[in-house]
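**Student:** So you can see what is in the structure, the chains are spelled out below.
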Amino acid sequence: MAQQLGFWIDQQYCTGCKACQVACKDKHDLPLGVTWRRVVEYSGGSWSTDPAAGTFAPNVFTYYTSISCNHCDDPICVAVCPTTAMHKGADGIVSVDPAKCVGCRFCEWACPYSAPQFDPTAGVMTKCDLCADELAEGRDPACVAACPSRVLHYGEIADLRAEHGDRADVAPLPDPSITRPNLVITPHRHAEPTDAGTGTITNPEEI
Amino acid sequence: MTTTTPRTPLDTPVTRRSFVAWSAAAGGAAAAVGTGARLGLLPLTPARAATGGDGPRQVWSACMVNCGSRCPVLLTVEDGQITRVDSDPTGGDDLELPQIRACVRGRAIRQRVHNPDRLKHPMRRVGPRGSGEFERISWDEAFDAVAEALRSTIDRYGNEAVYLNYGTGVLGATVACSWPPAATGVARLMNLLGGYLNHYSDYSTAQITTAYPFHYGEWVSGNSFDDLVNSQLVVLFGNNPHETRMSGGGELFVTTRAKQASQVRTIVIDPRQSETAVTLADEWVPIRPNTDAALVAGLAHVMISEDLQDQAFLDRYCVGFDEDHLPDGAAPGSSYRSYVLGRGPDGTPKTPDWAAAITGVPAGTITRLAREIAGAKPCSINQGWGPQRHSNGENSARAVFTLAAMIGQIGVPGGGTGGREAAYSMATAAFPTLKNPVSTEVSVFNWTDAIYRHDEMTALSDGVRGADRLTAPIRFIWQYAGNALVNQHADINRTAEILSEPDDLTIVVIDHQMTVSARYADILLPDASTPEQVDLAQQGSAGALGYLVLADRAIEPMWECRPVYDILTGVAERMGVADEFTEGRSQEDWVREVLAETRKLTPAVPDFETFRRQGIYKEMSPDGPVVPLADFRADPEANPLSTPSGKIEIYSAALQEIADTWELPEGDRVTALPEYVESREGPEDPLRERYPLQLIGHHYKSRTHSTYGNVPWLQEAHPQEMWINPADAADRDVRSGDTVDVVNDRGRVRIVARVTPRIAPGVVSIPQGAWFAPDADGVDLGGSVNTLTSLHPSPLAKGNAQHTNLVEVTRT
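Protein sequences appear in the order of chains S and W. Under the numbering used here, the first residue of the first sequence carries the number 141, and numbering increases by one thereafter. Under the numbering used here, the first residue of the second sequence carries the number 110, and numbering increases by one thereafter.
Because the hints were derived from the structure by calculation, they are not lab data. Since we're looking at a predicted model, the values are computed, not measured. Among these hints, one or two may not hold up.
[To be verified] Some chain W residues judged to face chain S by a derived CB distance under 7 Å, without partners named:
{"#": "1", "residue": "His351"}
{"#": "2", "residue": "Leu361"}
{"#": "3", "residue": "Thr365"}
{"#": "4", "residue": "Pro395"}
{"#": "5", "residue": "Pro471"}
{"#": "6", "residue": "Pro821"}
{"#": "7", "residue": "Ala826"}
We put the beta carbon where it would ideally sit given N, CA and C, even for glycine.
Assemble the whole structure, with the sequences as input and the hints as a guide.
**Tutor:** Here's what the structure looks like:
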């Protein structure tokens with residue numbers, strides 16, 4: 141039967157350490173500025189202060205989301221690619237063929253997860269290939285193998301959804317109906333829904 | 110009551126569009142940095158590409174820095190270069206013999222080893238000290254120069270003038286061990302040459318280390334974190350394992366699994382919403398830095414007023430909680446109960462309202478917490494080392510110990526002593542470093558004073574130990590694998606001035622990176638990094654897990670670098686003690702020797718050849734969680750503490766004696782009780798009119814202190830930014846991403862602001878450990894918090910109070 145792999149993130153215990161990001165960069169020799177897996181910090185809320193008493197109290201939340209490519213069922217990057225360089229393989233993995241890529245960056249503009257990343261040295265797009273070479277040898281993707289907290293996992297998306305639900309509509313992620321990502325999130329206890337979030341991305345310069 | 114809503118960097122609601130904005134920001138960064146951002150890094154060859162030469166192979170090494178863990182790393186090596194880093198593939202995902210997954214830093218170790226800041230050759234200073242102007246010299250010239258300076262220093266001033274400065278850049282190694290100083294190869298060499306001036310305690314724990322003997326008789330940890338599953342409530346005072354113990358086989362992993370298993374209610378008390386508060390906490394209680402003892406006094410007031418304390422425990426196991434249990438000679442009204450109720454000398458009841466005004470924690474919260482803490486059985490009271498790294502940190506540490514005693518949860522499963530978590534540790538052997546003939550010690554922190562005013566420094570004035578006073582100035586400094594010579598010490602500008610003064614001072618730095626401290630060397634000796642030598646990595650803090658790593662030589666020492674053991678052997682030859690220093694052994698011979706000795710203590714540890722193949726050895730504690738003081742709890746008469754009374758001393762007569770006899774600077778106080786003491790640059794200091802913000806320096810995920818501070822992937826992942834609350838930022842017209850100046854009388858740091866609700870109003874934090882980089886005007890563009898910290902030591906420990914600072918922040 142058709143295979144479709146995806147990621148599962150247990151958001152509650154993600155510390156935003158970025159071991160996943162750096163393990164990915166190490167595995168794929170990515171230069172600065174090309175970061176296939178990124179970690180978004182989302183934070184919000186307010187403080188109550190009582191100047192007369194000299195006190196303060198927080199109503200503040202923060203959580204992290206580690207995101208690479210979700211190897212979507214409706215990959216918008218593939219749809220907008222003018223050269224067919226971006227393609228979804230039989231294994232469900234969305235990849236870019238550097239021989240066909242002209243570096244127009246439409247896919248980067250279109251992808252709501254910032255998965256395709258432009259490599260200015262090569263002049264082409266690059267992206268997460270789910271460590272297909274590692275999978276072929278029976279090993280986990282580098283990011284999954286790296287996670288110190290064991291909150292980042294991969295597997296058959298049907299199995300992941302059966303076990304962990306089908307939520308991917310967590311702020312600041314986009315509405316999953318746009319691309320139908322193969323992503324399952326067990327939300328942080330303070331997680332807010334997509335398009336109804338009151339917080340902000342607090343590390344925009346890091347992603 | 111007023112409510113402020115944080116202003117945000119992106120005001121638009123988060124929709125797909127703003128996520129595209131995120132995308133644009135990332136793409137823009139990529140376009141902006143381009144390839145030049147590699148900054149001269151060696152080319153990174155594809156990890157698994159087929160190559161000629163010797164072909165790829167995997168070698169076990171370890172990341173041995175000062176984070177509490179010693180993570181194994183499995184290095185892929187091709188043509189003499191590390192091309193990929195994997196972590197421990199052995200073991201599983203539960204607490205029984207788990208994979209020890211390296212954190213983000215260990216994963217970046219190849220950019221630390223293959224780094225443009227690597228020292229390549231021995232060098233001698235040619236410009237002013239600190240100018241960074243050096244000339245290349247040969248190893249022979251270097252050994253001659255070190256030996257000549259050592260000889261002339263000892264001839265002129267004696268061995269007390271030779272100081273081994275703190276260094277934790279190679280922590281947990283056996284032969285290349287850099288800490289504690291007495292366990293290093295440098296100590297072994299110096300002990301063969303008549304000894305050296307040692308120091309006591311360390312930059313991590315100076316205040317609590319010094320407080321412990323007065324309270325418990327000796328250092329007593331809390332229960333190990335795997336025991337959290339037995340607690341009904343966990344209260345973490347400034348303990349932040351998810352940023353300070355980040356290994357995926359260390360306390361981050363242990364606490365995550367414990368929380369997942371038990372969902373134990375967890376309260377984090379911290380000025381920052383730390384990552385531990387994000388992940389583990391059910392409640393985050395922000396507090397003003399410097400005020401933990403006041404919070405404890407407020408909690409105690411509620412407990413005493415409502416008779417919630419465990420009086421039977423206090424009566425049997427403690428001294429000084431109430432007037433009936435004071436030692437002979439203590440003045441009436443000097444019990445903790447009297448202090449809390451306002452019946453002591455200050456006459457001030459420590460009500461929740463009193464504590465609220467000091468700590469910032471609302472009185473209602475204090476009352477609620479007191480009832481909850483007193484009612485939960487068992488309850489783990491646990492403190493990290495941030496609360497004690499303050500000008501009154503000795504008292505903060507003891508106050509938290511006292512809270513643990515008040516609820517009677519010491520020495521029981523699920524409880525804790527109020528100290529930081531214990532961990533299982535196997536019996537292992539060590540590299541023998543011989544005995545230091547010099548007994549005199551200074552504190553880890555006031556060594557800079559011993560450079561310019563040693564003749565004033567006595568036991569009573571400056572905490573000199575092992576002698577009544579110093580008899581020589583420091584005139585020779587060994588700095589091996591450390592950055593506390595400058596960057597991790599305090600008041601960098603003043604420190605640099607002190608180091609610049611004596612003409613007859615010699616500073617020898619052994620390191621493999623051009624650190625800030627290395628820039629201040631007179632003689633700079635290029636060390637080999639851990640993957641360039643063989644060593645035995647000795648276990649980190651990991652709950653009930655013990656482990657050793659045989660860190661093999663993955664690549665040859667680069668350029669002219671040599672392992673520290675070989676460097677010291679070269680000096681030993683010049684000093685005529687080579688045979689005594691080496692005993693005819695190479696570094697590998699010593700590793701084999703120590704391993705053989707270890708196998709006598711822990712027979713399951715594999716022999717050298719087996720270990721070299723398997724890389725890591727793990728075992729679980731045979732006794733389950735570590736519960737310190739269980740024997741004292743079971744029978745305090747048979748198992749007394751080593752305090753004078755044999756009990757927990759909430760009132761310490763020994764401290765009262767110090768308070769009566771020591772010569773303390775104006776404003777400094779030592780107290781027999783763990784009182785809240787207002788201190789310079791604390792929240793009540795009138796200096797706040799000029800410098801209204803309290804500055805702390807949290808541990809940062811991209812560095813272990815300053816180690817890894819020059820690694821591009823980590824700088825990209827976790828940029829150096831100052832945290833500021835939205836209200837304070839609004840007052841100063843500061844937005845996230847703005848460059849700001851952080852200023853006090855000691856210096857000026859220029860840094861990017863991160864406006865975040867994750868820090869309390871009135872508090873800013875600069876992640877500690879960034880590398881000092883002054884511009885022509887002396888403005889630190891590197892963002893080192895120690896440009897702003899003070900050299901004034903804490904009263905009792907003479908320790909570093911690096912979280913007690915007042916500053917102002919302005920937009921540039």
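**Student:** Of the hints stated earlier, which fail here?
**Tutor:** The structure breaks none of the hints.
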